[in-house]
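Novice: Residue numbers (the numbering used here), protein chains in the order written: chain X, 1 to 259; chain A, 1 to 287.
These aren't lab readings, by the way, just hints derived from the structure by calculation.
Treat each hint with caution, since some may be false.
[Unchecked claim] Okay, derived cross-link-like pairs now, DSBU-like style, lysine-lysine, Cα gap no bigger than 35 Å in a straight line: (1) A:Lys88 - X:Lys23; (2) A:Lys58 - A:Lys88; (3) A:Lys79 - X:Lys23; (4) X:Lys23 - A:Lys58; (5) A:Lys65 - X:Lys23; (6) A:Lys92 - X:Lys23; (7) A:Lys196 - A:Lys65.
[Said to hold, decoys possible] Listed next, the stretches of chain A that the computed footprint assigns to chain X, with coverage defined by at least 3 CB atoms under 8 Å from CB atoms of chain X: (8) 98-112; (9) 115-125.
Yeah, the Cβ is synthetic: ideal placement off N, Cα and C, and Gly gets one too.
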Amino acid sequence: MLGAVETSGDFAVFVARVAFSLKRGVRWDVMGPLLVEIGFRSIGVVLFTGCFIGMVLAVQAHMQLAAYGAATRLGQMVNLSVIRELGPVLAATMLAGRVGGSISAEIATMRMSEQVDALACLGVSPIRYLAVPRFLACLILVPVLTVFANFMGILGGAIVATEIHGIEPYHYWQHASESVDLWDHLMGLIKAFFFGGSIGLISCYVGLNATGGARGVGIAATRAFVVSFLTIMVCDFFLGLFFARITPTMSRLLSGGGP
Amino acid sequence: MSSGSIPQTDGPATMRLEGVGVTLGDNQILRGINLNISAGQTLVVIGESGCGKSVFLKLLIGLVKATEGRILFQDQDLKLLSENRLMKLRLKYGYLFQSGALFDSLSVEENVAFPMRQQGIHSETSIRHRICESLEDVGLPPSLWTRMPSDLSGGQRKRVGLARALVMQPAIMLYDEPTTGLDPIMTGVINDLILKVARSRPVTSVVITHELRTLATVADRVLMLRPLPRLEPWEPQVAFEGTPSELRQCGLPVVRSFLGGHGIAEITAGSDSSTPDLTHQAEHSHE
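One chain only, chain X, in its complex shape (with noise of 0.2 Å):
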């Protein structure tokens, strides 16, 4: 119990520490080829986990919606579950795999390798060196690699629909158009943020503390992934429950409804 208290206290002062050196400004150089490293490598992952999560859907949710009649607003149920819910949620847990996994191990092996000392003796912070610029490559690519994984989600789940339980073009995009607004896709894309952030301080985290030589580097790789995906869990929840409030007033407002 001590122990969880002391390691969130050490977490609070790390998060701290990044906000701080964040306004120290960029290191645009470091950062950079990260962008294009962790963004272009996960894109085939996510795309892949977008197209079947919304093949899934439509076959899952199919079978419940043709026992009402309801088979036509399958693109209803497809695209509001990918876009709200499942796409943000399975993008930043692949990432929590494939990203925050190889982040943490990277600097868990520098840590041991005293790379991180020799940083911070070469007058380099290892926080603003290492750990912002990957906090902020997760913040920016989770969000952006979550379109894409809507993108194919529905695309994934319209194929299903239309070419293998026979729904209509025109009806399966009528529905889906008519139930998807903007508030949909910015709460997918709100939540995808905040899940892109935890994976980055949550990896750099784990990786920067990490001690025991090579079985230490491991540990660090799934302790990471683990933290990641439960925070992903937790968070979810209560973003869900936050948006639940205040999805009346918002599609209001951005239907331009006023308040």
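Following the hints, put chain A in place on chain X, whose structure we already have.
Specialist: Okay, now just chain A, sitting in the frame of chain X:
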């Protein structure tokens, strides 16, 4: 000097430790260390494994914080410096890590250029000139300059680490077990490099070592530490502090037992004879 300002050092730095103690977690590592390190001096720190030598070195550069006492760099208390100011102060230090601690995603040249680029030196001509100067100083052949750290031997990695540490012309050089894991020829080469740096540059040096040959070659003063778990609360952790010749004559049982007969002979041989330049010999043996 106002608290928090970065001390000016045009020459070698002085350091002073006043009643310094370090506790990491539940373990006390260092206790009651009082020490003056004079400008231009080479201090060699010896002692059994686990006596806190590496922690001592990290204390001097602020990587480990003292839990008791204070550490003064040019009369400036390291504890009073903000993290940002401590980072700036560290530019006056050079640190050679036991493993070299080279950045494994950068080539030899890029590793040496790294501190200059980080400190805003953008002139490629100036960077190039200083890379060549530093790598030539440590005797690394140009054929190795474009290699990655993983393609270098242990001795070559340490030489690159030394070149990187020296490129910003530090006022104090810290060496963490510079000869550990090296063959006798390469040990001689690294010892000679430490001596060359101490003699040719305005720099104060602190060397952590297990090697009595290193002590014999480079030391102006010697500090011997003892592991705290073996000491009673009233026993001092510093077993010896003095010159190498005083160490040779020291009759304390704990010092005699650590050095042994062979060790005494090594110190005598090392301090009595001039150390041959083994750089070229080592080049041939490693290529």
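Novice: Tell me, which hint numbers fail for this structure?
Specialist: Going through the list in order, the structure violates no hint and respects every one.
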